[in-house]
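J.: Take the two lone chains, each set in its own frame, and fit them into one complex as the hints suggest.
Top to bottom, those sequences are chains A and B. Quick note on numbering: the numbering used here labels position 216 of the first sequence as 216, and the sequence is numbered without any gaps. Quick note on numbering: the numbering used here labels position 500 of the second sequence as 500, and the sequence is numbered without any gaps.
Among these hints, one or two may not hold up.
[To be verified] Using 35 Å as the maximum straight-line C-alpha spacing, the simulated DSBU-like pairs for lysine-lysine come out as follows: (1) B/K536 with B/K616; (2) A/K186 with B/K536; (3) B/K168 with A/K203; (4) B/K260 with A/K203.
Don't read these hints as lab results, they were simulated from the structure.
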Amino acid sequence: GDSWGIFTFLCAALCNLPALPALNCSEELGAGQSIQQTYDLTRYLEHQLRTLAGTYLNYLGPPFNEPDFNPPRLARAERVPSATVDLDLWRGLTDNARLAANYRAYSRLLCYLRVLDGQVGTAELRHRLAHFCASLQGLVLSIGGVMSSLGYPLPAGPAGPPAGPPGAPAAPNDFLKKMDDFWLLKELQTWLWRSAKDFNRLKKKVPPAVVTLRLEARGF
Amino acid sequence: MFSRWNWVACGFYLVLNICSPDASGGLVQSCGHIIPESPVLALGSNFTALCILNESCLDFGNIYASQIIWKIKNRLVPKEQYREINRTVSSVTFNDTSSLATPLTCNILADGQIEQNIYGITVTVGLAPEKPKNLSCIVHQVSRFTYVMTCTWNPGRHTFLDTQFRLKYRWPEAVFPDCIPKDVNNSCTVNDIQFFVNTEIWVEATNALGKAESDRLVVDPIDIVKPLSPQNVSITSGLLPTVLQLSWENWISDAVMTLKFNIRYRIAGDTNWMEVPPEDTASPRTSFSIQGLRPYTEYVFSIRCMKEDGAGYWSDWSEDKTGVTIEDQPSKGPPIWRIIDTSQSPACWTVHLIWKALKPYEANGVILQYELTVRDKSSLSSPVKKYNVTGTNHTLQLREGTYEVTLIARNSVGPSPPSVLLIPASNSKAPVKNLRTLPKHDKLWVGWTAPNNYVLKYVIEWCLVSSSSDCTIEWQIAQGDVQGIDLKGIKPFKCYLITVYPLYADGQGSGQSVKAYLKQDRPSKGPTVQTKKVGKAEAVLTWNHLTVEEQNGFIRNYTILYKTIDGNETVVTVDPSKTEYTLSSLTSDTLYTVRMMASTDNGSRTGPDFTFTTQKFGKGEIEAIVVPVCLAFLLIVLLGVLFCFNKRDLIKKHIWPIVPDPSKSNIAQWSPQVPAKHNISSKDQMYPEGSFTDVSVVEIEADDKKSFSDQDLKPFDLLKKEKSTSEGHSSGIGGSSCMSSPRQSVSDSDEGETTQNTSSTVQYSTVVLNGYRDQTPVQVFSRSESTQPLLDSEERSEDHAGGADSTAQRQQYFRQNGGQDETNTDRPCFERTKQITHASEGDLVGFVQLQISGQSSQPLGLGMEKNTQEAAVSNVLQTCTEGQTVRPETVEENPLSVDEMPKSYLPQTVRQGGYMPQ
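Bound-form chain B, shown alone (with noise of 0.2 Å):
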């Protein structure tokens, strides 16, 4: 129990002893130290430490030296290391003090398990300072009497430790205060300096581990000056126009130093300097004139200066400062040119003077005129004119002829030598030869052959051709002994016109000229190419040339490239000059593409893909294959139609056989058909074939005469119907009613019941409207109001008794139909129905005319018809009474159907015997 305590108080006192590390030998008394205390070790040394235990723990604790382990950091230090050189003595030692770090601490294993902390030291590990090198030293001026001394040096490797760097200057008898460089290890600077004394300085370098010095550097610090540049640098311009004075003040007074200087000047906006020879300005100085200026120009200048004997260092350059050299007589009159415009008259020119202005260095100063004189040479009488100008164009108009320019440029100090423009009358001398141009990186050469003849100048004009615009005009004089210029701002990729005039003391040449490009490049876009023409094995492709802004470069050639969808290409090249080509040896109703491609000698490009379709036939083919075809056909139908028609009567019979016509038959009648129907065929008009029925059944019976006559209207009656109903066109109203009427009138004897009783039902002059076989129904029809068909029949039954009534009537009607045909105003109403029947036979010529071509005379068949008509006249009068109105076209409308009328009346003219030949 006792012994436990005794540890925990042990322990306690052993974490106060850590707590206050440096306490020993004060309140608390530690248990033990380290020896040294604190160590600066060198990297790479070896190192021991010991440990000392207190005796009175040794008796307290009951601890001892073999006990003790010892540790850096938290890492136990190995057992070989320690040595226990008595029982409280422990040593440990480091072959290398590379691996130590801090803090090294002596602890004691009590019981062998609990370890506590007897003491710790901090151990600090560097290098000695390294000699600093390359020591040097230079004088800057601050001020007119101030300078300082900065000295740099190279402090060496990194020692890891505080390591002290003084600056240390001395003379012989006297030292100086040490120069501590502040925040930095490879500088200091020295505030006082004096000149003219040899000064020993070096660089002393100390830490804890050693101290070390630079090699000496003795110096007069008068040689290692850097002065301040020359200050108030000022430039006036002397009476010269070629020299500038430049002055300026030094901060060093010849008593300190002497100075050399160098001055460098360049022109303003240029870039370069040039600098006046130095041993020009080897000695001192407050001012130097420079000569071999430009006039007129502007200069900038600056300046500096170092010790005269060469020993120490160039100042900076001085601000640069600017001087205007004064103004000169322009040193040459300006390159002068012409443009004859000959467009309105040949006789009359206008001439476009243009010249230059000249370059600031020719000017030599501010061009304040032109002065410009025109001398006619071709008539000597004819006076000079002069002209100021303050531009650099002058326009005149001159006949034609030969002149003499002179143009003079004057600024304020005076003219310029004249430049003299010779304008012939036609330019009829030699021209140049062999003209030739050659890119030369961002110049375009020009080059020719000299003609025989002395040459006094060359003009060379140049333009960027566009297809949008003129060609604007730039020029350039060369002089005559050369034989090529560079041509400056050329852009690359345009074509350029450019003309050599060769101008001669007595006249100029004609120009010559020639394309170029400064450089070439492919085409931007190709051609656009299509089809003109395409047939079957062959195309006609055209296309435009590309403009020049597209083009890029001459043109070398076209390449026309084409193919079939699933075939190889065809590559075809072309003339440049070409817009058309013609593609052969094409397969027919083949689908092809087409491109083309525009190349140069930089490259090509390929225009928009075209396709087209070769035609199935040639030329010509359809119509070699149809014409045959079609006439062959034309021949057969002739053929057919002629054998037709020889053969007709045999095809007659076969097709068409005579059928007894019922109607006509003397049977009919007396045939007891019942007419009832024709109430209804009156509405039923669309069946001819029921009225035909119809009509066969009736028949008149009560009166030989009369039915004779009610018997000759039949067959107009019949037609009529016919008519009425496939083609109204013929019959008016009146027409319907006549139709109508002659059936009632024939019903009435024998049906008078029907008759009227059909009559107040029958809706009148019903025309139906159809075409009959193949035939288009064409009219109108009428409808009459009229309720005269009753009143007819009543009347009619009084018509049987005295005919005087009908003639009244008939003069009635004739008046009704009012000047119609006033030849035949005895018989109005049979003409009418004549020319109506007629009218519907002229639409069954088809029918009746075959059957009718071959018998009938004319002038017998009229005759006959007209007597019976006469006869018949009567009747046909009563019937027509019933017809109001007579259209007058219908009688106008066939009338050839007059010379046909025989041929329908015919049978009746045979009926009229009473005999039916069938």
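So here's chain A without its partners, still in its complex pose (with noise of 0.2 Å):
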């Protein structure tokens, strides 16, 4: 109970950050420095999520647990934001683009996660859940310090909240249930996996003593 009002209101504040102004802090460090953080902590979180997703496999049974379990995408998968973009595509997007998709999928997927997380049964489980959203939260908070620091404003209105409460389209049953957590954390992967990508492309165009425009991301 006491982690669920926690996590609303973590979630409440999540769905806020578009109002709020640039963090300070990020401000302050440089944006080469920024990134790096950012790509360590998303290493950080794949790592997490390699162990985390193991055990998660396992807590939801076959066939999850399968190694080669690739069930088809459903439909109602589709809210889980996809990393499945064309890769050409997504490189050929502006770092704003690229870092805004970022910041709105991390957003959506933390939602989500969370959802999953009040579900658990073990404490154990539920535990390193709790600690993968904490960090999937420092992410998406990263990358807004990022943005900011590169003087890009940070994505508003559809990227907020989803659509009604999380996890409000309840599963019509188990199993479809499981398949949804599945998805999420094959996405998580997948967008985790991206991320390492574009921020290590980010770190090498910018380098670290490059102090970028920060009044504009606060005049946004």
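T.: Next up, the structure:
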């Protein structure tokens, strides 16, 4: 119950992010450093998710924990932001657009993840999920910080609160719900993998010493 | 009366109020209250309290604000601090809250006397919290995935109040639950920590008086991590003997953070760590090869890690792990030396080859055996001898000569380079020069000057000199280019004998030795000194050298200290090689105390005191005095004797005037004296004077002829008596009988009765031993059991009638005498008597001899005597009948007395003529 309250609060706070001004602390850090930190965090989340996903899929039980389990993506899973955009297309986007897409995707994923966390039965797994959630929230913040430091506006509006309360479209049955969870983790993995590449590229593009237009970010 | 009850009621009411202070508004209405209720006050601030009385009480108890008094605990607050605001309100003001205490009470003084409590409050005084300072955080890795962040801070001064600290941390958009310290106020641990996001951390301190916040700390927790040390450290030895590979596992995934490492290692048993250069291990890895190690050596390793970029903290060192490098060939040959024993015969050596086991870093493994090769260089034809030895010594019997010994140590990998020792026939080469030692802390440095020739090596032998056991030789080899070496393991205060031999390529120099101490001390005891000889003015002192163990250093000198009891001490320094010293110029006959001190460079010690007294006289002094004195005395004596001899006549006249002998006077022959005492005298023989008296009285009156012979016998008788009295040795029993019988026979004729009487009562032959004058009595006496005197007296009365009987008796006696003297068979008794007499006379020499010395001519005397005696034989025989036995000794004892006889009997001869010349 306690954690549920906290998560609700955090979700609320997250949903209100676009309204908030840019972070002071990220302003003070160089953009390159922020990018590096975000990259590290992405790697860290990837690493965490690798073990967490294994544990969670085991928790879901077969067939989800089978290594070659590759179900078709259901229509209802579409609400989970998909990273399956064409690579060339993705590369063709501007940094800003990519960052914004990342930002939106993680914000949405975080909300779903928290729903998932609330349903987990074992304390150990819940704890790890909670930790992962917190880290993921940190990633969202970091991306926001990077965008601020690079002078990009934070994505607004549609990326904010998901339609309806999280988990509102309840799965018609347990298996489908598990399928949702499976896809959630799978998408997370894909996103994190791609984000890591993005930030690595961005890191190379923006030397650590560069001080970007932070005033513009605030002006937004 | 009413008012009194009223007061009692009021008091009761107040008591109730006190008992339930917070019951105001409850059942019992309080008479007043204080504002503020339970204040918390800052220390040092000012404070005002109001006591408000209830209107009801005013009416009931007739009390007003002016009667209020304030108390802190039981102490009255001074009236100056009160203020009556109106008739129901009184205030009290404190300028400094530090004077406050709990409880603060509002009381009323009813009737000016009775004090009643209205209300009380508790006052809490404290401080607002200070701003916490020095906030610092560290993230500890607890397990592979678990990290906790512990932050510590300085909470500042004590507030005296309940102050709550909260550790707050947040992200810009997210707030995390506060961390509330448990039991402490200066640290808190956050269990869930997120990396790679900058986190703002601060501490908030809150109490009733205020709130304070520390400075904000913004940090990415990944930068303050103290990781766990690497686990599962393992060591594998590689192919090379100098390399070990260290491998481990990290607790932290590279995705979390990359690590750099520190590796340290040491030889097992050593304490000093060596470290792998940090730049070699500054990148993430799980293994590392350490090179440049010693073969066959056990190493201990440990490793730690931290974030690669240096942010954060080093982990603890991992647990020590050990690994051993593999073996390698021994790096050098063992040092070898020899001891040659030629005690059996100079030509036949017993050579003890000794070598030192290689040090572990030289052996590079386990030495399995030593291979010894001995080559006789003096005769090329003789074969090379080889020995395999497992110990570190080998003894050979060799003929005198030059040998080359080669030693190789072998381990499982291979052999060492050979060590070569040349044993020459003689150590004829140049020795080292200027051998010297110098103590250096706990080592003894031995230095020398190299000989002119090129020296291959030096061998330094040393051993601890001991008086009780042989020197156990230790040795060491130094290279030829050094001229000094430190000896280790040298004990202080011990004497070491150090010998250095130079070894040349073609021979060996003779050894030079030096004695040395690492450290000297004063001797452990002083020498014990004693005198060997003491004279009048000098004394010879001796002592023994201290043993090596007692010396504790080089004895530089001995010091002799001697003094008389009250005199000053005299000090003499003596060379340490001596063991004897002569003290001279001493005072004679004086007690001296002497002691001796042995000195080393580091002090001295004195031995026990020894006392002696010098002699009073010097050597020969006594002799010089005594000998002349004795000589002088002797001379004086001699002179005196000579003088006396010359003047002997004169002296004799004065000292021994010639007293006429009454017994020899003719007148005495008819003296009417009764020889009654004869009987007594035989008993009383110890009084010779009496005997003389008796003798002088005895006379034979009856017959002239007989009396003549009797008379003639008298002197014998006398002498016999004397003799038997004074000295019994010459008179046997027979002698005694002879002695008594003539007397009896003499007295027989006229005093038959008496004689008879006497004979019957007198005990015969009582010989009283008494020394004559200064002479010692020697002899024994025999006592005759015989009753013959009685018979004799009877027979003798018959004898008067006829001599034939006497002849027969004589014969008989003669037989009894048995072979005494066959030549004198015709007059045995005479002979015997004469002898006896003479024996007695011999004793009387001092008496008689002087008397007759000048007179007689012996031949005459003897002849005359013979005649006389011949004539007297019959009487004598008669007398002799009484003597039963004659001891032959008597005769033989004084053979010379025969010669003297004439002297004794000369007067008789004279008397024979009937004339006494006196």
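J.: Would you list, in rising numerical order, the hints stated earlier that this structure does not obey?
T.: Violated hint (a single one): 2; every other hint is consistent with the structure.
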